[in-house]
Amino acid sequence: MDRPASVQPVISAKDLCLTFETNDGPVHALSNIELTIDEGDFVSFIGPSGCGKTTLLRVIADLEQPTSGKIAVNGMSPEEARLNRAYGYVFQAPALYPWRTIAGNVALPLEIMGLDAKEREERIARNMELVNLKGFEKKYPWQLSGGMQQRASIARALAVEPKLLLMDEPFGALDEIVRDHLNDQLHQLWAKTNKTVVFVTHSIPEAVYLSTKIVVLCPRPGRIYDVIESDLPRQRTLDIRETPEFLKIAHRVREGLKAGHSYDD
Amino acid sequence: MTTEAAVRPLSPFAGLMSGTIGPVLVVVLGLIAIWYVATVALNAPFQRDIYARAGQTDVPFSQMVADTLAQERPVLPSPHQVAIEIWDTTVNKKVTSNRSLIYHTGITLSSTLTGFVMGTLLGIGLAILVVHSRVLDKSLMPWVISSQTIPILAIAPMIIVVLNAIGISGLMPKAMISTYLSFFPVTVGMVKGLRSPELIHIDLMRTYSASEAETFWKLRLPYAVPYLFASMKVGIAASLVGAIVGELPTGAVAGLGARLLAGSYYGQTVQIWSALVLASVVAGSLVALIGLLEKATLAKMGMNR
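Chains as they are written, first to last, in our numbering: chain A, 668 to 932; chain B, -5 to 299.
Just chain A, same shape as in the assembly:
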C-alpha cells in the first residue's frame, strides 16, 4: 500500500533480531522482524507460546533490548519514546498496588508525571468512567473481580493519555463471557479515541474482532509468518463474528498458525 511520505509510522521495525543467551545455548526470540504500524491501527500479534509476540511488544516498550536491527517508535528510539511516556502499557496481570485504592492506582502514573491534584482528579474520573468503574474509586484491588481489576489497569494506562497503547494478553486470564464484554468495550474505546493499539493475544476470534491488522508469528526462531490487513468495517459489534468475512479472516489466521508450526511437530 502506498502511503504519503510525510506520514510517519508509529512503529517501524527493520531486520529486528533478539537473541537470549541461555545455558542451553542461544534462543532466537525474534528473527528478522519487518513491521510497520500506522497511526490509528489496531494491530494484533498472534501466535503460539514462545513465538516472541510478548518479546516484540516489550522491545517496542523498551523493556527488552534488541540484539540487532532497527526499531523506531514515533520516529524515536524506544528508550526516548519511553522517557517521553509515549505509550501506555497493559500487562498480562492487572499489577495493581494492593496498598492503593483503585483511584490511587490510576493516580500512580499521574503522580510520577508530576500533574497537579486537580488535573489528576479529572483524569481519574474520566478514565474510571471510560472503563465503567465509576463508583469503585475507593475500593481496594482485592475487593474487585479479576475483570474489574484488569479494567482498572486499563484505566491506569489510559490516564497517561498516550497515543499508543501496548497490551500484552490483557484478557488472557479471564473467562470467555467477561472477555467478550471487555473486547467489545475495548473496541468501542479504540473507535472513539483513534488511538494506536498493539495487542498481544493467542485467541483467534479476539484478534480478528479487534484488529485492523493481524500479525501472525511463529516460533523457533520467533518470526513474522503472515500479516493480514482486515477488510472488516471499523465499526463492529460482536455479531460480526458470525459473518463469512470474519470467518474468512479467522480461517487465514488459523492456517497461518498451523503452517508456522508444522515443521517441528
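Rather than coming from a laboratory, the hints here were simulated on the basis of the structure. Where a beta carbon is used, it is the ideal one built from N, C-alpha and C, also for glycine. Wrong hints could be hidden among the right ones.
BS3-like, lysine-lysine: derived pairs with alpha carbons at most 30 Å apart [stated by the list, open to error]:
no.: 1; chain 1: A; residue 1: K915; chain 2: A; residue 2: K880
no.: 2; chain 1: A; residue 1: K801; chain 2: B; residue 2: K212
no.: 3; chain 1: A; residue 1: K806; chain 2: B; residue 2: K294
no.: 4; chain 1: A; residue 1: K805; chain 2: B; residue 2: K289
Stretches of chain B that chain A covers, calculated by requiring three or more beta carbons in the stretch to come under 8 Å of a beta carbon on chain A [to be verified]:
no.: 5; stretch: 196 to 208
no.: 6; stretch: 211 to 217
no.: 7; stretch: 284 to 297
Given chain A, work out where chain B should sit, using these hints.
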C-alpha cells in the same frame, strides 16, 4: 432428631477452647504444674540435708513438699514465691525506690527502646544502601552477617568500657548493645522486603520512566512494610536481651540486668527469677505492641485482608 444432634454440646470446655484465652491458659497452667514438680524435685536434696542436720527423721512427705516450696534460697523458687516477690517489689514499693522492679524495668525499657529505634533506623538505612548498590551489597552484607556471629556477652563489656573511656556512659552504651542486636533482623528483613516487588511491578514503573527514588517511595517501601514489622518483632525482643546483657558489666547499678546480677551475687534466686519473669512479660508485651502497630498500619494501607 437432627436438631437435637446439632445443639448437643461437644464438651463443657468446647466454648472455652475455641478462643485464644482457653488454649493459652491451659499451656500456662501446664507449665506452672511442671514448675511445681521441678521445684520439689530440685529443692528436695537440700531439704533432706536440713532435716538430717536437725536430727529430724520420718518427716511426712506432705511436710517435705511444703518445706521445699518455702525455702528462703531455693535452687528453684516455686511459682508462688516468685509471684509474691513480684507483687511485693512492684505494687508494695514506691516506683522511685531502687528496690522497685518497676523502677528497674523502666531503666531497662528506656535503653531497650532507644536501642531499638536506633537499630531499626540503622537496619533500614543499611538495607536501602545494600539494595541500591551492588558494591555495598557485596562489601557490606558479609560484615552485617559476621557481626552477629560474635557472642554478645564477649563484646558487650568491651563496648561499655570503650564508650566509657570516650566519655559516653549511662543509657547510651546499653542502648548501643541493643542497637547492635536489633539492626540485624531489620537489615535482613528490609533487604528481602525491598527486593520483593514482582518484576511486573518494576516493569510498570519503568514504563512510566519513574526515577529510582520514585520507585523506592511508591513501590519498594510500601512493599517492604510487612517484612519490616516481622523483623521489628524479632528486633525488639533482641533489644531487650541486649539491654539486659549491657547492664551486667556496668557494675550492676540499676535495671533488670542489675537485679539478675545482684541476685546471683547474694544467692537470691527468688529475686533472679522474678526479674526473669518480668523480663519475659516485658518482651512479650513489646512484641505484642509491635503486632498491634503492624495491624493498625496494614489496616491503614488497606492490606488487612
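Results of checking the hints against the structure:
1. A:K915 to A:K880: With Cα atoms ~14 Å apart, K915 of chain A and K880 of chain A stay inside 30 Å; holds.
2. A:K801 to B:K212: holds, 24 Å
3. A:K806 to B:K294: holds, 13 Å
4. A:K805 to B:K289: holds, 20 Å
5. 196 to 208: With 9 residues closer than 8 Å to chain A, the stretch 196 to 208 of chain B meets the three-residue bar; holds.
6. 211 to 217: As far as the stretch 211 to 217 of chain B goes, the hint holds, because 3 residues have Cβ atoms under 8 Å from chain A.
7. 284 to 297: This one holds; 3 residues, not fewer than the three required, reach chain A with a Cβ under 8 Å.
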